[in-house]
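**Student:** Just so we're aligned: the sequence shown equals residues 1 to 187 in UniProt numbering.
Think of the hints as simulated: they come from the structure by calculation, not from any bench. Check each hint, because a few of them may be wrong.
As the list claims (entries may be wrong) - Derived DSSO-like pairs: lysine-lysine, alpha-carbon spacing no greater than 30 Å straight-line:
1) Lys171 - Lys131
2) Lys136 - Lys182
3) Lys33 - Lys10
4) Lys49 - Lys33
5) Lys136 - Lys149
6) Lys149 - Lys182
7) Lys26 - Lys49
8) Lys49 - Lys10
9) Lys171 - Lys123
10) Lys182 - Lys123
11) Lys49 - Lys4
12) Lys131 - Lys101
13) Lys49 - Lys125
14) Lys136 - Lys123
15) Lys4 - Lys33
16) Lys136 - Lys125
17) Lys101 - Lys49
18) Lys149 - Lys131
19) Lys171 - Lys136
20) Lys26 - Lys101
21) Lys10 - Lys26
22) Lys49 - Lys131
23) Lys26 - Lys4
24) Lys101 - Lys125
25) Lys101 - Lys123
26) Lys171 - Lys101
27) Lys149 - Lys125
28) Lys136 - Lys101
29) Lys171 - Lys149
Stated by the list, open to error - Simulated restraints on C-beta separations:
30) Val48 - Lys171: 54 to 62 Å
31) Gln104 - Asn184: 15 to 23 Å
32) Met119 - Val92: 39 to 47 Å
Every residue, glycine too, gets a C-beta built ideally from N, C-alpha and C.
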Amino acid sequence: MNEKFEVGDKVAVLDEAIEGEVVAVKNNEISIKTTDDFVMTFFVNELVKLQKISDLNNLFSSKSISDVLKDKKEPVKRSFTKEKKSKKEEFVMEVDLHIEKLVQNFRGMSNFDILNIQMDTVKHKLEFAIKNRLPKMVLIHGVGEGVLKSEIEFFLSRYDNVVFQEANFQKYGFGATEVYIKQNPNR
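Given the sequences, and given the hints that come with them, work out the whole structure.
**Tutor:** What follows is the structure, given as structure tokens:
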């Protein structure tokens, strides 16, 4: 974008420490009288107009100090009570049972072997949650044909202190089970 220069404009030369006033305009060539009283000619794309201080003042709205201070006052803080939750309530252990998350290489493994590894993981993680008094965990089993999900449900149903249900659909979709562990306070 080329600026329009007129005689009398204050300009600066790009890439050089030269300033001056436009004395002649001829097509794309602008002649300026420098602050050292030399007349030099430049192309339009080599110059930039210098703003007058009065032009710069128009860019800013004039506000009184009291108006500025009103804007600066801190907003009134909202008061609300926040329930304090223990670290154990905030933490939800998520266990991804997809076989590629459990072992490095599962090539050559039968479906039976894969299912056994997944169920061993469920057993160990559930024991860990009970031992550490975690109230909740999520087992991510995926959708698939439902074999792993059925095995998990059968396994969990053998525990008296465990309740389970479908996990939050928005977060996990259909492929997860939420496990709640009822803790015995006497333990």
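**Student:** For which of the previously enumerated hints does the structure constitute a violation, in increasing order of number?
**Tutor:** Those not satisfied are hints 13, 17, 20, 22, 31, 32.
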